[in-house]
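Could you build the full structure based on these sequences and the hints that come with them?
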Amino acid sequence: MPRRAKPAGAGPANTLSDLESLLASASNGDREAFAGIYDRIAPRVLGVIERILDDPALSAQVLEDVFAELWDESRAVSTGGTSVAAWLAFRARSAALKRLTSHTSPSKRREPAADLPEMLAWLPDAEAIRRIEQRRPLLARVLGQLPREQFAALQLVVFGGLAENEVADRLHQPLAKVRAELRAAARFLRHRRHAVVGSWAVNI
Amino acid sequence: MGCQHLEDEYELYLLAALPAGAGGDLELHLSAQCPNCLQGLREAAESVYWLIESAEPVKPRPAVKSRLAARLTERNQKAEGRRQKKG
Numbered sequence: 001m002p003r004r005a006k007p008a009g010a011g012p013a014n015t016l017s018d019l020e021s022l023l024a025s026a027s028n029g030d031r032e033a034f035a036g037i038y039d040r041i042a043p044r045v046l047g048v049i050e051r052i053l054d055d056p057a058l059s060a061q062v063l064e065d066v067f068a069e070l071w072d073e074s075r076a077v078s079t080g081g082t083s084v085a086a087w088l089a090f091r092a093r094s095a096a097l098k099r100l101t102s103h104t105s106p107s108k109r110r111e112p113a114a115d116l117p118e119m120l121a122w123l124p125d126a127e128a129i130r131r132i133e134q135r136r137p138l139l140a141r142v143l144g145q146l147p148r149e150q151f152a153a154l155q156l157v158v159f160g161g162l163a164e165n166e167v168a169d170r171l172h173q174p175l176a177k178v179r180a181e182l183r184a185a186a187r188f189l190r191h192r193r194h195a196v197v198g199s200w201a202v203n204i
Numbered sequence: 001m002g003c004q005h006l007e008d009e010y011e012l013y014l015l016a017a018l019p020a021g022a023g024g025d026l027e028l029h030l031s032a033q034c035p036n037c038l039q040g041l042r043e044a045a046e047s048v049y050w051l052i053e054s055a056e057p058v059k060p061r062p063a064v065k066s067r068l069a070a071r072l073t074e075r076n077q078k079a080e081g082r083r084q085k086k087g
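Residue numbers (my numbering), protein chains in the order written: chain A, 1 to 204; chain B, 1 to 87.
No wet-lab data here; the hints were simulated from the structure. Honestly, I wouldn't trust all of these hints.
Stated by the list, open to error - Distance windows between CB atoms, simulated:
{"no.": "1", "chain 1": "B", "residue 1": "Lys85", "chain 2": "A", "residue 2": "Leu175", "range": "52 to 62 angstroms"}
{"no.": "2", "chain 1": "A", "residue 1": "Arg170", "chain 2": "B", "residue 2": "Thr73", "range": "37 to 47 angstroms"}
{"no.": "3", "chain 1": "B", "residue 1": "Gln39", "chain 2": "A", "residue 2": "Leu58", "range": "36 to 46 angstroms"}
{"no.": "4", "chain 1": "A", "residue 1": "Arg148", "chain 2": "B", "residue 2": "Thr73", "range": "44 to 54 angstroms"}
{"no.": "5", "chain 1": "B", "residue 1": "Lys85", "chain 2": "A", "residue 2": "Pro137", "range": "47 to 57 angstroms"}
{"no.": "6", "chain 1": "A", "residue 1": "Pro147", "chain 2": "B", "residue 2": "Thr73", "range": "34 to 44 angstroms"}
Just so you know, even glycine gets a beta-carbon here, dropped at the ideal spot from N, CA and C.
In structure tokens:
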């Protein structure tokens, strides 16, 4: 059974505030700057990986791979203007899900383009992530407001890597119902994110 | 381009949750560099980031950082070796 998100699971927003300048230095070969990125954010990245794989030894390997990839891609990520935290979050999820399904035949699904130039077209920038991080406790509460069925379906997608037809099979629900629930969840989160991160006054 | 019917698919597309046979219309818009869909995808990526980041942090063992450092050193040495060969 998927776990419910706990509120306020992370440190202050400023923990991540200088990741981009550290990456700029790392892209010029500064290993200390790269270690600074690791120290600030590795627990979060490992949290994502371990939530997916539920295997500490394998998760540590994936964590190492993701950071080695960041080192290799540091120049492109840095000059692309994207948030380092966002790049790591998406890459960690993707790498962990790849390990999770490496022993099974992957299902056919629409995948977003995973090449860096394509990702840079939609990955959030550092300012967008800073706004989210400042409101992290509120956003965690919003997740807790999702109806139970929507939350369960969403967790299977985010941390189980299931496509919506696979979620329907897993939950023994009609596909149309699961599709509707996932879209309703996405709409709810979009609306609440705008409210919490945007400038509206909102009471959550 | 009319994109309203695609608005609910951005998050699911980024999460690779749309099965083959669905989401084709969105890909058409993206391949045509549809500005509405690209903007929608950027905003959806913020929601998806927030979802992924709902996982509880886990502190890595110190050995992971040491292994990573050794791996980067090895990569740098190999790259340096290649540069010297070329030079």
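Item checked: CB-CB spacing for Thr73 of chain B and Arg148 of chain A relative to the 44 to 54 angstroms hint -> holds, 49 angstroms
Item checked: Hint check for Pro137 of chain A and Lys85 of chain B - Cβ pair distance inside 47 to 57 angstroms -> With a Cβ separation near 54 angstroms, Lys85 of chain B and Pro137 of chain A satisfy 47 to 57 angstroms, so the hint holds.
Next item on the list: Given the hint of 34 to 44 angstroms, check if Pro147 of chain A and Thr73 of chain B actually sit that far apart at their C-beta atoms.
Entry: violated, 50 angstroms
Next item on the list: Check the following: the C-beta atoms of Gln39 of chain B and Leu58 of chain A are separated by a distance inside 36 to 46 angstroms.
Entry: Holds: the Cβ-Cβ distance is about 37 angstroms, inside 36 to 46 angstroms.
Notebook entry, point to check: In this structure, is the beta-carbon distance linking Lys85 of chain B and Leu175 of chain A contained in 52 to 62 angstroms?
Noted result: Check passed, 57 angstroms falls within 52 to 62 angstroms.
Margin query: Please check whether Arg170 of chain A and Thr73 of chain B have a Cβ separation lying inside 37 to 47 angstroms.
Written below: The hinted range 37 to 47 angstroms holds for Arg170 of chain A and Thr73 of chain B, with Cβ atoms some 44 angstroms apart.
Checked against the numbered hints given earlier, the structure breaks only hint 6 and satisfies all the rest.
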